[in-house]
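Participant: Sequence:
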Amino acid sequence: MASKTPNGFRAVRYCDSHRIYYVFEHRDGCFKATSEDGKVSIMVEPEAFKKLFCREHHPDMPLAVRTRFEGKPAFSEWWAVCRK
Numbered sequence: 790m791a792s793k794t795p796n797g798f799r800a801v802r803y804c805d806s807h808r809i810y811y812v813f814e815h816r817d818g819c820f821k822a823t824s825e826d827g828k829v830s831i832m833v834e835p836e837a838f839k840k841l842f843c844r845e846h847h848p849d850m851p852l853a854v855r856t857r858f859e860g861k862p863a864f865s866e867w868w869a870v871c872r873k
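For the sequence shown, the tail end lands on 873 under my numbering, and the numbers increase by one without skipping.
Just so you know, not all the hints are guaranteed correct.
For lysine-lysine, the following DSBU-like pairs were computed, each having C-alpha atoms within a straight-line distance of at most 30 Å [what the hints assert, rightly or not]:
| # | residue 1 | residue 2 |
| --- | --- | --- |
| 1 | Lys840 | Lys821 |
| 2 | Lys861 | Lys840 |
| 3 | Lys839 | Lys821 |
| 4 | Lys821 | Lys793 |
| 5 | Lys873 | Lys861 |
| 6 | Lys861 | Lys839 |
| 7 | Lys840 | Lys828 |
| 8 | Lys793 | Lys828 |
| 9 | Lys793 | Lys840 |
| 10 | Lys793 | Lys839 |
| 11 | Lys873 | Lys793 |
| 12 | Lys828 | Lys873 |
| 13 | Lys839 | Lys828 |
| 14 | Lys793 | Lys861 |
| 15 | Lys861 | Lys828 |
| 16 | Lys821 | Lys873 |
| 17 | Lys821 | Lys861 |
In case anyone wonders, no lab produced these hints; they're calculated from the structure.
Construct all of the structure, not just a fragment, from the sequences and the given hints.
Facilitator: Here it is as C-alpha cells:
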C-alpha cells in the first residue's frame, strides 16, 4: 500500500541557499526538512523554521535564489521517487 503524499513544499536555508530542501509537517508538529539528495535530514521546530528557512514562493527570496528551484522536482514528484 502506497503512503499518502503529505502536503509539503520546497525551501532553502538562509545559511545554505544552494541546497534545495523538501519540507513537510511531521506528526509531532515539527517540520522535517530533507535535502534533494537525501543526505541531509533535520527536524525543525515551527518557530525556528521561520528563522532558518525561506519557502520557495516567499516574496523576500532573491531572484537569484528563486531560480535554483527551476528544473527541480516538485514536492509530490520528489516524494514519489523517495518512497519507491
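Participant: Hints broken by the structure, by number, lowest first?
Facilitator: none
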